[in-house]
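Here is what each chain is made of, one letter per residue.
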Amino acid sequence: MDQDKTQLTEFLLRMGDNALILGHRTSEWCGHAPVLEEDIALANTALDLMGQTQLWLTYAAEVMGDGKTADDLAFLRDVWDFRNLLLVELPNGDFGQTLMRQFLFDAFQSIHLPRLAKSSDPRVAEIAEKASKEAAYHVERSADTVVGLGDGTEESHNRMQAALDRLWPYIGEMFASDPVDAAMAEAGIAPDPANLRTEYDALVGRVLAEATLTVPESTFAHKGGRTGQTHTEHLGHLLTQMQWLQRAYPGATW
Amino acid sequence: MSKEWPLWEIFIRGQHGLSHRHVGSLHAPDAEMAIKNARDVYTRRNEGVSIWVVEANNIAASAPSEKGPLYEPSESKIYRHPTFYDIPDDVGHM
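Protein chains in written order, with our numbering: chain Y, 30 to 283; chain Z, 114 to 207.
Pulled out of the complex, with its shape left as it was, chain Y reads as follows (with noise of 0.2 Å):
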């Protein structure tokens, strides 16, 4: 595979690997919300996020052209062969921490994707003008939820507070640029993500002070997802969920 290839294919798999592992994670709520009508909600992001997923690895598979399908590279790929940040397979925690993450994530794809939907790749563009939609209702309802909870009693307003001192340190990644970003810029295929970071703190630093919440100071970045250089050891665990019955019957299908 050439060099423009191999960049393309690491791009797209950053792209839905992200949304595999958060859709996987939110799908985890799914029948254990706190309330009947935040249960559905997240399952429906969490749909959203699969129907993400396969498009984005559709293609990823496409360029690869070794003949692998979207469902191999989801269901068949090790923790090291994963480019998602390590924000979206941190494990749920709380649900103020699951809907914390859900908004830091959702702010930077609504940031992100519009971007993506004029790239100069059309595959590319029309995948993103299709999920840009859906990231901007995602974002409208877990930044409410957020200043919901935020701004609501003293209980609700600390696990808040907790979930962002603990989610914080997860925030730099999205913004650590490196070569495969150069090349993604240079093509017109995608925006250099550090050019999208002062937008990004405008929109959170809107949205945490409704919810009465503190910025953390500390610039601290935990990095290695989306280069696949280190993963958190919560990805193997979140595999094995995710992947097992692939990995037991395998080609099994409906």
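Bear in mind the hints are in silico, worked out from the structure with no lab data behind them.
Using N, Cα and C, we set each Cβ at its ideal position, and we do this for glycine too.
Mixed in with the good hints, there may be bad ones.
[As the list claims (entries may be wrong)] SDA-like cross-link-like pairs, simulated, lysine to any residue; straight-line CA separation at most 20 Å:
#1 Z/K116 to Y/A62
#2 Z/K149 to Y/C59
#3 Z/K116 to Y/E184
#4 Z/K149 to Y/G181
#5 Z/K116 to Y/D180
#6 Z/K116 to Y/T182
#7 Z/K116 to Y/S185
#8 Z/K149 to Y/L76
#9 Y/K34 to Y/P208
#10 Y/K162 to Z/I164
#11 Z/K149 to Y/W58
#12 Z/K149 to Z/H133
#13 Y/K34 to Y/A212
#14 Z/K149 to Y/S161
#15 Y/K147 to Y/A212
#16 Z/K149 to Y/L65
#17 Y/K162 to Z/T156
#18 Y/K97 to Y/W283
#19 Z/K149 to Y/E169
#20 Z/K116 to Y/P63
#21 Y/K162 to Y/E228
[Unchecked claim] Estimated spans, in silico, between C-beta atoms of each pair:
#22 Y/T241 to Z/E117: 22 to 30 Å
#23 Z/R193 to Y/R235: 55 to 63 Å
#24 Y/T241 to Z/V167: 28 to 36 Å
#25 Z/V167 to Y/E57: 31 to 39 Å
#26 Z/A176 to Y/R235: 43 to 51 Å
#27 Y/D95 to Z/P142: 46 to 54 Å
#28 Y/G80 to Z/Y192: 53 to 61 Å
#29 Y/V244 to Z/P119: 29 to 37 Å
#30 Y/C59 to Z/W165: 24 to 32 Å
[Stated by the list, open to error] Here chain Z is said to cover these stretches of chain Y; the calculated rule only asks that three of the stretch's residues, wherever they fall, bring their Cβ under 8 Å from a Cβ of chain Z:
#31 68-79
#32 165-178
Model the placement of chain Z on the given structure of chain Y, informed by the hints.
Just chain Z, lined up with the frame of chain Y:
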């Protein structure tokens, strides 16, 4: 203050040109979230183009015990149904 979210009645317009129709109810902390919850609970299968939400305790309803005085008087007034007219053939399907 009650810890339960208030109940909202949900009305969905299925297509342009049709009226909003009552589809059910759900709980939400405020009107905005009620619309979002309605979107997630009642329009998952492409059912709607517009959502109305009304907090259930804002709906005034007729009392079932008064159904005699309210509805029986109209039972004997069949002339209110426009079924006694000869419709000219030229009108076609009505």
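Against the structure, the hints come out as follows:
At roughly 17 Å between alpha-carbon atoms, Z/K116 and Y/A62 fall within 20 Å of each other, so this suggested pair holds. Only pairs whose Cα atoms come within 20 Å are accepted, and Z/K149 paired with Y/C59 is accepted, the gap being roughly 18 Å. Simply put, Z/K116 and Y/E184 have alpha-carbon atoms about 13 Å apart, close enough for the 20 Å limit, and the pair holds. For the given pair, Z/K149 sits about 19 Å from Y/G181 by alpha-carbon distance, which is consistent with the 20 Å threshold.
Proposed proximity of Z/K116 and Y/D180 is supported: the alpha carbons are some 16 Å apart, at most 20 Å. The hinted pair formed by Z/K116 and Y/T182 meets the criterion: a straight-line CA distance of about 11 Å does not exceed 20 Å. Only pairs whose Cα atoms come within 20 Å are accepted, and Z/K116 paired with Y/S185 is accepted, the gap being roughly 13 Å. As the CA atoms of Z/K149 and Y/L76 are separated by approximately 16 Å, the hinted pair is consistent with the 20 Å bound.
For the given pair, Y/K34 sits about 14 Å from Y/P208 by alpha-carbon distance, which is consistent with the 20 Å threshold. For the given pair, Y/K162 sits about 18 Å from Z/I164 by alpha-carbon distance, which is consistent with the 20 Å threshold. Note on Z/K149 and Y/W58: the hinted pairing holds, with a Cα-Cα distance of about 19 Å set against a maximum of 20 Å. A threshold of 20 Å between alpha carbons decides the hint, and for Z/K149 with Z/H133 the separation of about 17 Å falls inside it, so the pair holds.
For the proposed pair Y/K34 and Y/A212, the alpha carbon gap of about 11 Å is at most 20 Å, so the pair holds. Proximity of Z/K149 to Y/S161 is assessed by CA-CA distance (about 18 Å); at most 20 Å being required, the pair is judged to hold. Between Y/K147 and Y/A212, the direct Cα distance comes to roughly 16 Å. Compliance with the 20 Å bound is thereby established for this hinted pair. A hinted pair counts as satisfied when its Cα atoms are at most 20 Å apart, and Z/K149 with Y/L65 qualifies at roughly 13 Å.
With a CA separation close to 16 Å, the supplied pair Y/K162 and Z/T156 stays within the 20 Å bound. Our distance criterion of 20 Å between C-alpha atoms is met by Y/K97 and Y/W283, whose separation comes to about 19 Å. Note on Z/K149 and Y/E169: the hinted pairing holds, with a Cα-Cα distance of about 9 Å set against a maximum of 20 Å. Straight-line distance between C-alpha atoms of Z/K116 and Y/P63 comes to about 13 Å, which keeps the hinted pair within the 20 Å bound.
The suggested pairing of Y/K162 with Y/E228 holds, with an alpha-carbon distance near 18 Å, which does not exceed 20 Å. At roughly 24 Å, the beta-carbon separation of Y/T241 and Z/E117 lies within the given 22 to 30 Å, and the hint holds. One distance hint, 55 to 63 Å for the beta-carbon pair Z/R193 and Y/R235, holds here, with the actual separation near 59 Å. The supplied range of 28 to 36 Å is met by Y/T241 and Z/V167, whose beta-carbon atoms lie about 30 Å from each other.
The hinted window of 31 to 39 Å between Z/V167 and Y/E57 holds, with their beta carbons roughly 34 Å apart. Taken as a hint, the range 43 to 51 Å holds for the pair Z/A176 and Y/R235, whose Cβ atoms sit roughly 49 Å apart. At roughly 51 Å, the beta carbons of Y/D95 and Z/P142 sit within the given window of 46 to 54 Å. Take Y/G80 and Z/Y192: their Cβ atoms lie about 57 Å apart, and the range 53 to 61 Å holds.
At about 32 Å, the beta-carbon gap between Y/V244 and Z/P119 stays in the expected band of 29 to 37 Å. Separated by about 28 Å at the C-beta atoms, Y/C59 and Z/W165 satisfy the suggested range of 24 to 32 Å. Here's how the region 68-79 of chain Y fares: 3 of its residues keep a CB closer than 8 Å to some CB of chain Z, so the rule of at least three is met and the hint holds. For the region 165-178 of chain Y, the stated coverage by chain Z is satisfied: 5 residues place a CB nearer than 8 Å to a CB of that chain, which reaches the threshold of 3.
Checked against the numbered hints given earlier, this structure breaks none of them.
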